[in-house]
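2 protein chains.
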Amino acid sequence: MKQSMTLIPTLREVPADAEIKSHQLLIRAGFIRQNASGVYNYLPLAKKVLHKIETIVREEMERAGAAELLMPALTPAELWQESGRWYSYGPELMRLHDRHERDFVLGPTHEEVITAIVRDEVKSYKRLPLALYQIQTKFRDEKRPRFGLLRGREFIMKDAYSFHASQESLHEMYENMYRAYSNVFARCGLNYRAVIADSGAMGGKDTHEFMVLSEVGEDTIAYSDSSSFAANIEMAPVVMEYPKSNEPQQELEKRETVGKKSIDDVAAYLGVEKEKCIKSMLFQVDNRFVLVLVRGDHEVNDIKVKNLLEATTVELATSEDTSKIMKCAIGSLGPINVDFEAVQVIADHAVASVVNGVCGSNEEDYHFVGVNPDRDFKVSQYADLRFIKEGDPSPDGQGKIVFAEGIEVGHIFKLGTRYSEAMNASYLDDNGRTQPMIMGCYGIGISRTLAAVAEQCNDENGLVWPANLAPYDLHLIAVNVKDDEQRFLAESLYNTLLESGYDVLYDDRAERAGVKFADSDLIGLPLRITVGKRASEGVIEVKVRKTGETLEINIENLVETIAKYVVK
Amino acid sequence: MKQSMTLIPTLREVPADAEIKSHQLLIRAGFIRQNASGVYNYLPLAKKVLHKIETIVREEMERAGAAELLMPALTPAELWQESGRWYSYGPELMRLHDRHERDFVLGPTHEEVITAIVRDEVKSYKRLPLALYQIQTKFRDEKRPRFGLLRGREFIMKDAYSFHASQESLHEMYENMYRAYSNVFARCGLNYRAVIADSGAMGGKDTHEFMVLSEVGEDTIAYSDSSSFAANIEMAPVVMEYPKSNEPQQELEKRETVGKKSIDDVAAYLGVEKEKCIKSMLFQVDNRFVLVLVRGDHEVNDIKVKNLLEATTVELATSEDTSKIMKCAIGSLGPINVDFEAVQVIADHAVASVVNGVCGSNEEDYHFVGVNPDRDFKVSQYADLRFIKEGDPSPDGQGKIVFAEGIEVGHIFKLGTRYSEAMNASYLDDNGRTQPMIMGCYGIGISRTLAAVAEQCNDENGLVWPANLAPYDLHLIAVNVKDDEQRFLAESLYNTLLESGYDVLYDDRAERAGVKFADSDLIGLPLRITVGKRASEGVIEVKVRKTGETLEINIENLVETIAKYVVK
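Chains as they are written, first to last, in my numbering: chain W, 475 to 1042; chain A, 475 to 1042.
Read the hints as simulated data drawn from the structure, not as lab findings.
Incorrect hints may appear among the rest.
Each pair may be met inside one copy or between any two copies, as identical chains are not told apart.
Derived pair list, reagent style BS3-like, types lysine-lysine, alpha-carbon separation capped at 27 Å [to be verified]: (1) Lys-801 / Lys-734; (2) Lys-597 / Lys-956; (3) Lys-750 / Lys-735; (4) Lys-476 / Lys-526; (5) Lys-597 / Lys-476; (6) Lys-748 / Lys-863; (7) Lys-874 / Lys-750; (8) Lys-1038 / Lys-597; (9) Lys-495 / Lys-617; (10) Lys-1007 / Lys-600; (11) Lys-600 / Lys-476; (12) Lys-495 / Lys-874; (13) Lys-956 / Lys-600; (14) Lys-718 / Lys-852; (15) Lys-852 / Lys-798; (16) Lys-1017 / Lys-801; (17) Lys-1038 / Lys-617.
Source: prediction; values computed, not measured.
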């Protein structure tokens, strides 16, 4: 493509509203422009990268045994009412109505539509398993769109859905998809981890997120410094023994601690380590109240509380509820003398190892000291209830935990019968009995992957595209197009390279050399070929974007030289 | 692809609500399913055809010099307010608002968005011309969605837009696009015509529609039986000499014609040919009234009236207005003794050749006979004001006009400065003067092309895909998969054919032979390869879907035989 015939509007300045590197660079290098908050135009360079990502995804989906289809964005509300998501999804769901006042949804995902299709067309176990995928524009009305393509309101997704007659069959497809996703992100040149994830609002069990490691991100990943273990910190189990001190138990005593409320203040005031403090937090768990205890240096993980108690919602109790139930303020909560009829007490394993600790007294300005669990208060259950910390042992027994930020680019998920039961998608098994189909769902953020690559692959001069995703293989530059020798040579090389099967961006613009080189670095194609002053001698320059390596070569050696760097 | 692993839900029955062949066959052969009125799921076979159409379109667009981008479906209302279409588009425009009550449009076309992009990024004539295209899902809330994919509410379009500094540059791109469109539809195997079209509501001048000839369609095309001339009947000019009779002029006379109102009744009652009658119709043309005269065997073409008078709206006058202006009922209108201050009289060329004709008298139950134009009434202008008729001479002087129904699959259009002026998209010319960009726009209905091919390429047994668009090249059938010899041979051929680069659909289902053959005919791949009873001898059958030609061949000759029929 001749650069004069396409639209690559580069910018020298960093756009004021772009907080992160990928967003800044995709705008500066002329890949994207905002159309509305969280809604972007993919300009020609970005569109080429999207094509390359999509091609990789299609190849890996076909290899995993999935067939491509395309469902509409407009989805009748009735399907969403059947699944119940019409009522539960909230304001992120974009709703509209047609000229006849019929309600529609602009699909953020397509579980309802695919379940309706398969329900209507597949009736027998003989037609299962079946895996279908699509690559499509999706809509989600984010409250706070940000980070450019990373959290937008209109975005491109690959979503796949599978239907099975057994858990084993689902598991086999899940493993296929796990491999396919690993291949996709490896082929995209990304440093990623498959992370054990929270199933969130989707209500299933087995689930992995594919996370690109990054300096920015909306999720924190806890991973082992010496194994492949990785989990969303919300989901990382804490597996460790807490050493119990041999210190003799002291007597329980109430101490005045006027104005001291935070763990830090109380520990400092009483001259004890935070590890000796017991933090008490009151949660409303569905319709009851639960006091959760963790050590002062730990944080309660409410997802673990929710999973332990098999609850639907877990929320911090309000101060009104706290004073009604515990007769005190939130900052004074403690586990001693609690009314077990009104409140259940559960504690993290670490609490059991506290000797002569400190806790709130359910009375303002007083704390207990010399507190010994099980002697001074009862705990109905000890469990893993806290967030993992950096330095904790990795749950797989290998190495220590490190944190990183992550950008979620993929998600695979065993849905089970959540949708098939709600929407009556059943099949006849080999005994002629009606059974709900067992489902899996598998998503990849296509436009988000583009941004994740930009976030991971750049340097101070601009983007540095991995070969598989680069919008073009080569950037051919005629330094001075007004010089006939340079222009003729560049055009002849352009045709030669196209004929050799390379995708070439040819900068034929009448711009200064400095502008062309700066634009070229910003755009970040793998190889730059510069036709300059030595054109008359048949000598040109080849520069590797990633390493900066520069070679002066004779044009006769061009195709051979390129073949060393760019594999077609 | 193994047929057991994809979703091709064929039907034996014709669906009750599908009126036309393409709609019936695409449903019966398992290509599409309705999701809501005018909203369809493209099942795996249709998705494969869409890919092939899109690939052809991309190749031809790149060759025409256009670069691909992707704009969002969600378009802020502000852009549509700038262009004015927010107010004029009517209920076909799907509107919605986000969680912050900001108005958006689901784009039916993208003139506003592309104009805003180019306005913001291109400032100089040096960056023009520029042509950009996208392939995207579009939305239009049709009042009466019908004919399956032909008139849907969510559909796939290729839309291209070009920006120019001169009419010559626009014209050059228009010619490029004309060639590109001709190539696209030829490569899709369609019998089409490039038709001179009405510019409709778009307000431009040069425009061609690409129409697939068909038994059904929403437009009638007038084309020459012996040249490439074709036009929408609304736009076909009438170019002919009307012979004037030598009959001596009679005297004007008023005759009683009680109860005779239609041309047919009056002609029969008075014993004259319809060609002798003068039909008078009163139109409201913007704010004035115009009496339009055509011969009794002709019909007024109001678009020609509108163009002649350079009007914005042309509508038949109401009976209230008619009786106010002409003091008579609509059925009695005539051109004699008309008040020229209130009404302009214009006539089709054919009227000038009427001698001793008949016309209304502006008085109930009376007609004039012996009417001679210019002697008995004045005409301010003679012009081409009627619809062309079958049998009329072709306007290019070659052959006679024939009518056919047409399915519009493409449209190219010189937009001019309609959007650039409204939205202030200007550039600096080489004298440093600000000029509005001159625009063209060019659309192809991608999903509609799929339906048009299905409408044109079928027989009594099902679809008959042209080689370039067939979802797969070959349909490989194992007649009885429970027979090990057949199954082994079929699977080995499947792998051989895939390795040879063919796209193969392999029917590995445990279905009866009759079902498999009927499904295969319905789906309509170019070549069927059947592995049946003679598998043990290494003999298989090859059948050409289009001609029915059948060959029994040895497996050793398979690849060679296929190469004769399917070009890779």
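Here is how each hint holds up against the structure:
For the identical chains of this complex, Lys-801 and Lys-734 are intra-copy neighbours only, at 19 Å inside a copy versus 98 Å across copies, given an alpha-carbon limit of 27 Å. Within a single copy, Lys-597 and Lys-956 get their C-alpha atoms only as close as 69 Å, which misses the 27 Å cut-off; across copies the closest is 22 Å, which meets it. Taking identical chains as interchangeable, the C-alpha atoms of Lys-750 and Lys-735 lie at most 27 Å apart only when both belong to the same chain, with a minimum of 15 Å there against 106 Å between chains. In the homo-oligomer, the alpha carbons of Lys-476 and Lys-526 lie at most 27 Å apart both inside one protomer (20 Å) and across protomers (26 Å), since each shortest distance falls under that limit.
For the identical chains of this complex, Lys-597 and Lys-476 are inter-copy neighbours only, at 19 Å across copies versus 54 Å inside a copy, given an alpha-carbon limit of 27 Å. In this homomeric assembly, Lys-748 and Lys-863 come within 27 Å of each other (Cα to Cα) only inside a single copy, at 15 Å, whereas the closest approach across copies is 96 Å. Only within a single protomer do Lys-874 and Lys-750 lie at most 27 Å apart by alpha-carbon distance; the minimum there is 23 Å, versus 101 Å between protomers. Taking the closest pair of Cα atoms, Lys-1038 and Lys-597 never come within 27 Å of each other, the shortest separation being 54 Å inside a single copy and 40 Å across copies.
In this assembly of identical chains, Lys-495 and Lys-617 lie within 27 Å of each other by CA distance solely inside one copy; the values are 22 Å within and 46 Å between copies. For the homomeric pair Lys-1007 and Lys-600, the shortest alpha-carbon distance between copies (24 Å) is at most 27 Å, but the shortest distance inside one copy (70 Å) is not. For the identical chains of this complex, Lys-600 and Lys-476 are inter-copy neighbours only, at 14 Å across copies versus 53 Å inside a copy, given an alpha-carbon limit of 27 Å. Taking CA atoms no more than 27 Å apart as the test, Lys-495 paired with Lys-874 passes in neither setting, with 30 Å inside one copy and 66 Å between copies.
In this assembly of identical chains, Lys-956 and Lys-600 lie within 27 Å of each other by CA distance solely across copies; the values are 14 Å between and 69 Å within a copy. With identical chains, the CA atoms of Lys-718 and Lys-852 are at most 27 Å apart within one copy only, with a shortest distance of 18 Å there and 116 Å across copies. Proximity of Lys-852 and Lys-798 under a CA criterion of 27 Å is satisfied intra-copy only: 21 Å inside one chain copy versus 98 Å between copies. Taking the closest pair of Cα atoms, Lys-1017 and Lys-801 never come within 27 Å of each other, the shortest separation being 73 Å inside a single copy and 86 Å across copies.
For the identical chains of this complex, Lys-1038 and Lys-617 are neighbours neither inside a copy (48 Å) nor across copies (59 Å), given an alpha-carbon limit of 27 Å.
Of the numbered hints given earlier, the model fails hints 8, 12, 16, 17; all others are met.
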